[in-house]
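There are 2 protein chains.
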Amino acid sequence: MLHPADDGSARHSPVSAVVLSGGDVDCIAGLLSLRESQPLSIYAGDHVRAILGGNQIFRVLDHKIVNFWSLPMTQETKLRDAEGTELGLSVQAFAVPGKIPLYQETSDDLRDLASTSAVIGLSITGPQSKRLVYIPGCAEVTDAVLRQIDRADLLFFDGTLWQDDEMIRAGTGRKTGRRMGHMSISGEDGSMAALAGATVGKKIFIHINNTNPILCEDSPQAAAVRAAGWDIAFDGMEFRL
Amino acid sequence: MLHPADDGSARHSPVSAVVLSGGDVDCIAGLLSLRESQPLSIYAGDHVRAILGGNQIFRVLDHKIVNFWSLPMTQETKLRDAEGTELGLSVQAFAVPGKIPLYQETSDDLRDLASTSAVIGLSITGPQSKRLVYIPGCAEVTDAVLRQIDRADLLFFDGTLWQDDEMIRAGTGRKTGRRMGHMSISGEDGSMAALAGATVGKKIFIHINNTNPILCEDSPQAAAVRAAGWDIAFDGMEFRL
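So the protein lines, in turn, are chains W and A. The opening residue of the first sequence carries number 191 in this note's numbering; numbering runs sequentially from there. The opening residue of the second sequence carries number 191 in this note's numbering; numbering runs sequentially from there.
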């Protein structure tokens, strides 16, 4: 969430507000790099706020200048900077099937790991009522998820794996995608099939693991994804809605 | 600590071992980026091991493949990779005057914050018995610190601030260097004066805050530092001993 104004201070980060979609390391560790005495708003659901509040290292986020806001699932929230000024964007969080963060796991039983509050998607609406839906991790496209996606102008969706056992085959991991809370792109129960009928302006696979063959531009998997109307995210990609 | 061998696996980090000199965010947060299922040795003193062990997020470092070694202050430790193979380097940790990490602070009283075990320096010896002394944070150059530095081939020393109230003057912070556990470079009780008589091959200021005028190449402060026989670290600097 970039704020255009430069306050002229000696140290400046253009980030006015951060909305956290989960408590995994890749969602929250970046906060440790935003600790340098600059005002910041942090929006997070109860599960993630509990993680941050209960973890001593996140005390480096000085509560005198960092404003922690709740992110209710039941209503649209107008985003504000740390001083309370509206940023012109509103966010609606919604539950997405997923699992608790890896470091919170105490069992290997998927039933214990599933969570209805640990993983959320975000529906973000800007000044021209254009809407972005952001779902970086998703274990299953339920009817509730489909309703959130419906008529979005832009969809960012979990593109972690092409197929469930891909990391095991590549020798880079011992877990299936399902075990990690990620559905795959391909297959009858994959995200391409599940979202084939979705009415969305533009669909982009994001959060792509380095074992996923869609990262190779000339792969048949990349071609299949494009043929199904998806774009593949890359570093530095920009959009304007 | 880079290891030359490439094990040919699909994911590879050249880092075989990490030696932690403190528990501050800038010392330990990088571990969260080394969590991807690769063997790794981590060496740390008791204080830092307690921090890592007591903080849930560091559970992403899988104990099945990440080997945590103790770093005793009383003896030289031969560094090994996660499988126990010697890396050809030995490390001797020594206590340095400093303070506990910011996020562990519960008072503003410097006496409570001072610690004899939270901050360490490292004396690292390679195959040709060349020796590097690494002290990224230091509140005072004591006789014990001087003895460790004596006859090092290369010294990396805490160059955070030029003068104690520099961050307050620049409007980037509310704390003095002393309050943060850092002595300044300049002044009668500064590090330049304290280390003027040290017998060291090469002296480099590292860990330089962005308010420190020695970062401006043409500043009188940079000239003063160079005239006193110091070099000023920069990104990508390399040494061969």
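Read the hints as simulated data drawn from the structure, not as lab findings. It is possible that some hints are incorrect.
[Unchecked claim] Okay, the calculated beta carbon distance ranges per label pair:
no. : chain 1 : residue 1 : chain 2 : residue 2 : range
1   : A       : K320      : W       : I358      : 51 to 59 Å
2   : W       : R369      : A       : P204      : 26 to 34 Å
3   : A       : T296      : W       : A383      : 50 to 58 Å
4   : A       : Q246      : W       : P410      : 38 to 46 Å
5   : W       : G377      : A       : K392      : 56 to 64 Å
6   : W       : E295      : A       : A414      : 29 to 37 Å
7   : W       : V205      : A       : A304      : 30 to 38 Å
8   : A       : I255      : W       : D379      : 28 to 36 Å
9   : W       : K254      : A       : D379      : 29 to 37 Å
[Unchecked claim] BS3-like cross-link-like pairs, simulated, lysine-lysine; straight-line CA separation at most 27 Å:
no. : chain 1 : residue 1 : chain 2 : residue 2
10  : W       : K365      : A       : K254
11  : W       : K254      : W       : K268
12  : W       : K254      : A       : K254
[Claimed, not checked] Computed from the model, here is a short list of chain A residues facing chain W with C-beta under 7 Å:
no. : residue
13  : V215
14  : A219
15  : L221
16  : L224
17  : S227
18  : N245
19  : Q246
20  : L251
21  : Y293
22  : A334
23  : R337
24  : M427
No experiment lies behind these values; they were computed from the predicted model shown. Note that CB positions come from ideal geometry on N, CA and C, so glycine has one too.
These are the hints, each one checked on the structure:
Under the hint 51 to 59 Å, the C-beta atoms of K320 (chain A) and I358 (chain W), about 44 Å apart, miss the expected range. A hinted range of 26 to 34 Å for the beta carbons of R369 (chain W) and P204 (chain A) is consistent with their spacing of about 29 Å. About 54 Å separates the C-beta atoms of T296 (chain A) and A383 (chain W), a value consistent with the hinted range of 50 to 58 Å. Judged by the Cβ atoms, the range 38 to 46 Å given for Q246 (chain A) and P410 (chain W) holds: they are separated by roughly 42 Å.
At roughly 59 Å, the beta carbons of G377 (chain W) and K392 (chain A) sit within the given window of 56 to 64 Å. For the hinted restraint 29 to 37 Å between E295 (chain W) and A414 (chain A), the CB-CB distance of approximately 54 Å leaves it violated. In this structure, V205 (chain W) and A304 (chain A) meet the distance hint of 30 to 38 Å, their C-beta atoms being roughly 34 Å apart. Between I255 (chain A) and D379 (chain W), the C-beta spacing of about 31 Å keeps the proposed range 28 to 36 Å intact.
Restraint check, K254 (chain W) to D379 (chain A): a C-beta distance of roughly 31 Å satisfies the suggested window 29 to 37 Å. Proposed proximity of K365 (chain W) and K254 (chain A) is supported: the alpha carbons are some 15 Å apart, at most 27 Å. Note on K254 (chain W) and K268 (chain W): the hinted pairing holds, with a Cα-Cα distance of about 21 Å set against a maximum of 27 Å. Using a Cα cut-off of 27 Å, the hinted pair K254 (chain W) and K254 (chain A) is violated, with the two alpha carbons roughly 40 Å apart.
Proximity of V215 (chain A) to chain W holds as hinted, the smallest CB-CB distance being about 5 Å (cut-off 7 Å). Residue-level restraint check for A219 (chain A) holds (minimum Cβ-Cβ distance to chain W is 5 Å; threshold 7 Å). Because the smallest distance between the Cβ of L221 (chain A) and any Cβ of chain W comes to about 10 Å, over 7 Å, the interface hint for this residue is violated. Checking L224 (chain A) against chain W: minimum C-beta separation of about 11 Å lies over 7 Å; hint violated.
Of the supplied interface hints, the one on S227 (chain A) holds, with its beta-carbon coming within about 6 Å of a beta-carbon of chain W, less than 7 Å. A cut of 7 Å between beta carbons decides the hint on N245 (chain A): the least distance to chain W is about 6 Å, and the hint holds. Given hint, Q246 (chain A) at the interface with chain W, holds; its Cβ is 5 Å from that chain's nearest Cβ, closer than 7 Å. At about 9 Å, the closest approach between the beta carbon of L251 (chain A) and any beta carbon in chain W exceeds 7 Å, and the interface hint on this residue is violated.
At about 4 Å, the closest approach between the beta carbon of Y293 (chain A) and any beta carbon in chain W falls short of 7 Å, and the interface hint on this residue holds. Hint status for A334 (chain A) relative to chain W: violated, with the closest Cβ pair at about 30 Å, above 7 Å. Taking 7 Å as the C-beta cut-off, the interface hint given for R337 (chain A) is violated, the closest approach to chain W being about 33 Å. Against a cut-off of 7 Å between C-beta atoms, the interface hint on M427 (chain A) is violated, since the closest Cβ of chain W lies about 22 Å away.
Violated hints for the displayed structure, listed by number in ascending order: 1, 6, 12, 15, 16, 20, 22, 23, 24.
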